[in-house]
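Participant: Using the sequences and the hints given, assemble the complete structure.
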Amino acid sequence: MNTDEVHEAAAGPLDDPADAAWRVEAASLVLVEMTLNAAAEYSGLSVIQLRVLLAVDRHGPLNLSALATHLTMSISATGRLVTRLDAAGLLTRLLASHSRREVSIDVTPLGHQAIERLRAARRRHIAAALTRLPPATQQTLARTLLEFTAAVQAGDSCGGIGPAVT
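In terms of the numbering used here, the sequence shown opens at residue 843 and continues consecutively.
You may find that some hints are simply not true.
Said to hold, decoys possible - Restraint ranges, calculated between C-beta atoms of paired labels, are given here:
hint	residue 1	residue 2	range
1	Ile917	Pro859	30 to 40 Å
2	Ile917	Pro977	42 to 52 Å
3	Ser939	Leu975	19 to 29 Å
For the record, the hints were derived by calculation from the structure and aren't laboratory data.
This structure is a prediction, so every number in the text was calculated from the model and none was measured.
Virtual Cβ for every residue (Gly too), placed ideally from N, Cα, C.
Facilitator: Written as structure tokens, this is what we have:
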């Protein structure tokens, strides 16, 4: 979406839920791009590796099957990604407390540092964009996004996986 399309879309009414959904989707793509740019700034991790790390951070500790379900990936593909992230020191595998046969996957301190670097870089990108909006618009946007987040979480409209990038 170019700048003219953004201004044209912002000027129109939001009577139709499909129009509102289109506008939210367009804005979310901008946020995804900011996240990818932030990830590229600090990390040699692929997007899918970041997705695994963030899923374990958000939902973990998890066993491999539960993680694969959250990611909607096969267990074997998820296992290979976990092995790479474990070798990099970002994830760890521990025996689950309730079962000697089950392995629990969790984020290491180094993994938490990587996640915080990603979030800090993403916040810098977002803050830079927000400076181009009037303060009242910034506050309205923040409140509206909080309401949207609560609605998504209440309805679990992401197919049980929640936001891919936190």
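Participant: Next step is simple, just say for each hint if it's right about the structure.
Facilitator: Structure-based check of each hint:
no., hint, result
1, Ile917 <-> Pro859: 30 to 40 Å, "holds (37 Å)"
2, Ile917 <-> Pro977: 42 to 52 Å, "holds (48 Å)"
3, Ser939 <-> Leu975: 19 to 29 Å, "violated (47 Å)"
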